[in-house]
Amino acid sequence: MQNKFFEVLNIRIIAFHFLGTILLLLSIRQFAFFINIDLLKMVEQYGNEISWKAHLSLDQKDMVIKYLSMVHQAGFFGVLLGGMISAYICWRNFVHTNNAMVVIVLGYIVYRFDLLALSDIQTLLLYPGMIAKANGLAGILLINGIYLLGCAVLIFFSRLTKRFV
Numbered sequence: 001m002q003n004k005f006f007e008v009l010n011i012r013i014i015a016f017h018f019l020g021t022i023l024l025l026l027s028i029r030q031f032a033f034f035i036n037i038d039l040l041k042m043v044e045q046y047g048n049e050i051s052w053k054a055h056l057s058l059d060q061k062d063m064v065i066k067y068l069s070m071v072h073q074a075g076f077f078g079v080l081l082g083g084m085i086s087a088y089i090c091w092r093n094f095v096h097t098n099n100a101m102v103v104i105v106l107g108y109i110v111y112r113f114d115l116l117a118l119s120d121i122q123t124l125l126l127y128p129g130m131i132a133k134a135n136g137l138a139g140i141l142l143i144n145g146i147y148l149l150g151c152a153v154l155i156f157f158s159r160l161t162k163r164f165v
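Counting in the working numbering, the sequence shown runs from 1 upward without gaps.
It is worth saying that the hints were derived from the structure and are not from the lab.
Any given hint could turn out to be false.
As the list claims (entries may be wrong) - Below, simulated PhoX-like cross-link-like pairs (lysine-lysine); rule was C-alpha separation at most 25 angstroms, straight line:
hint, residue 1, residue 2
1, Lys41, Lys133
2, Lys66, Lys41
3, Lys4, Lys162
4, Lys61, Lys41
Using the sequences and the hints given, assemble the complete structure.
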């Protein structure tokens, strides 16, 4: 008796939705950096890690830990949101939702083990923000967030993607 879980999987749907989920993860992480603009300005002003850490009080050091934790958790929110969008699209198009479950598991693996940080893919995906380099770090993050969110929405909801799948 064959396993029915694998019979209903569509590799094309999984590939496109996984790519959309990764882009959504990166986009939400870029927007999460805006939670504390003052810290961004401090990093931009003092440069490397060692010099700006010296200008923090004990309360601010706790704030930095919470800030970095929220930025990291934003990636998990991106995976969940991508998985929910994938499940909705699968349900709407009468495709089995096991595809969305695989997308969530793969997205969580990438998030949990921070596999995007190990590759040059993130550098390539975040390159468009360099257009706004004159506007500082906030401009770079904003351009990258909008660009990645637009690409994710395009992948999830494009009619071309639906036809290809």
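Outcome of the hint check:
no.	hint	verdict
1	Lys41 with Lys133	holds (14 angstroms)
2	Lys66 with Lys41	holds (17 angstroms)
3	Lys4 with Lys162	holds (24 angstroms)
4	Lys61 with Lys41	holds (15 angstroms)
Of the numbered hints given earlier, the model fails none.
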